[in-house]
Amino acid sequence: MIDRRHIGLQLPPFEVDVEKGRLRFFAKATGQTDPVYVDDEAARAAGHPGLPVPPSFLFCLEMDAPNPGELRDRLGIDIARVLHGEQRFVFHGLSHAGDRLRFEQRVADIYDKKGGALEFVVRETRVTNQRGEPVADLIATTVVRNG
Amino acid sequence: MADFGDLKPGDTLPPLTLPPLTRTTLALYCGASGDHNPIHVDIDFAKKAGYPDVFAHGMLSVAWLGRLLTDWVPQRRIREFGVRFTALTQVGDVITCSGTVIEVFEHQGERRARLAIQTANAGGQVKLAGDAVVALS
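Protein sequences, first through last, are from chains A and B. The opening residue of the first sequence carries number 1 in this note's numbering; numbering runs sequentially from there. The opening residue of the second sequence carries number 1 in this note's numbering; numbering runs sequentially from there.
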């Protein structure tokens, strides 16, 4: 069982640069053909200062943490036993290529179902930009299969 | 863009159907997303973990649902977006993303729609189910 004392644990904040090339690579991988997400001029014509970060890409930037497995390591979770259960984004503003985003993660909850056969870890992440403006809150629920 | 003046519960978004899922797409998404969990690209690892094959990153489907939404409204209008991963998306699956208006409401003077969104394979098995809130103006 994962130690419930980890509820409330705050991980070290980190910052990640939003790189244009990475956004184009993500567009390719996700089949995105809307020029707003790949072409600077189309993005500017749509009122963006640069290529916008698509809605779910904030989760990818979160995985650019110095150690993306830090939470698993601290809680003693085997990566082969985890599944992504739920993911939620609450948006406060857009971010764009060239921004530098700050991620502050905390363990919001840990609980289990089926007599401990499944454990759930809820991580909440606050994302702000280089001007200190709120960008989004991310809520990720990880499922750990025991036994 | 659609005229949302008469948008009502039950109205649907234009669906988004993806090509059959390939291992190449999983490899590209592994690199582009930064999610390097080998379970999505390394069949040896997947088998050791008890799966018959690799399977798609849940977040790849979330990216497709993001496309469903941004094909419908400019991204700056998306207020909230959440999913539950209910079944694994497998290599070869032909996934369709769809959305239905659940309610139209006002929040602090802003007209918004709450949507039910999902991905399903060609057999109709739901893989991800969730909701989104978008501003209508």
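Worth flagging that the hints you see were computed from the coordinates, not collected in a lab. Treat the hints with care, as some may be off.
Partner residues aside, some chain A positions facing chain B, computed with beta carbon under 7 angstroms [to be verified]:
id : residue
1  : Val38
2  : Glu41
3  : Arg44
4  : Phe59
5  : Asp64
6  : His84
7  : Phe89
8  : Val90
9  : Phe91
10 : His92
Only pairs whose alpha carbons sit at most 30 angstroms apart, straight line, appear in this in silico DSSO-like list of lysine-lysine [as the list claims (entries may be wrong)]:
id : chain 1 : residue 1 : chain 2 : residue 2
11 : A       : Lys113    : B       : Lys8
12 : B       : Lys8      : A       : Lys20
13 : B       : Lys47     : A       : Lys114
14 : B       : Lys47     : A       : Lys28
15 : A       : Lys114    : B       : Lys8
Chain A is faced by these chain B residues, among others (derived, beta-carbon under 10 angstroms) [unchecked claim]:
id : residue
16 : Leu88
17 : Gly92
18 : Gly109
Source: prediction; values computed, not measured. Just so you know, even glycine gets a beta-carbon here, dropped at the ideal spot from N, CA and C.
Evaluation of the provided hints:
1. Val38: 13 angstroms, violated
2. Glu41: 17 angstroms, violated
3. Arg44: Check failed: Cβ of A:Arg44 comes no nearer than 14 angstroms to chain B, outside 7 angstroms.
4. Phe59: At 6 angstroms from the nearest chain B Cβ, A:Phe59 passes the 7 angstroms test, so the hint holds.
5. Asp64: With a minimum Cβ separation of about 5 angstroms from chain B (threshold 7 angstroms), the hint on A:Asp64 holds.
6. His84: 4 angstroms, holds
7. Phe89: OK, holds: A:Phe89 within 7 angstroms of chain B, min 5 angstroms.
8. Val90: 5 angstroms, holds
9. Phe91: 6 angstroms, holds
10. His92: Hint violated; A:His92 Cβ to chain B Cβ min 9 angstroms, cut 7 angstroms.
11. A:Lys113 with B:Lys8: 38 angstroms, violated
12. B:Lys8 with A:Lys20: 38 angstroms, violated
13. B:Lys47 with A:Lys114: 25 angstroms, holds
14. B:Lys47 with A:Lys28: Measuring from Cα to Cα gives roughly 28 angstroms; hence the hint holds.
15. A:Lys114 with B:Lys8: Violated, at roughly 40 angstroms.
16. Leu88: Where the cut-off is 10 angstroms and the nearest Cβ of chain A is about 9 angstroms from B:Leu88, the hint holds.
17. Gly92: Violated: closest Cβ of chain A sits about 16 angstroms from B:Gly92, beyond 10 angstroms.
18. Gly109: At about 17 angstroms, which exceeds the 10 angstroms cut-off, the nearest Cβ of chain A leaves the hint on B:Gly109 violated.
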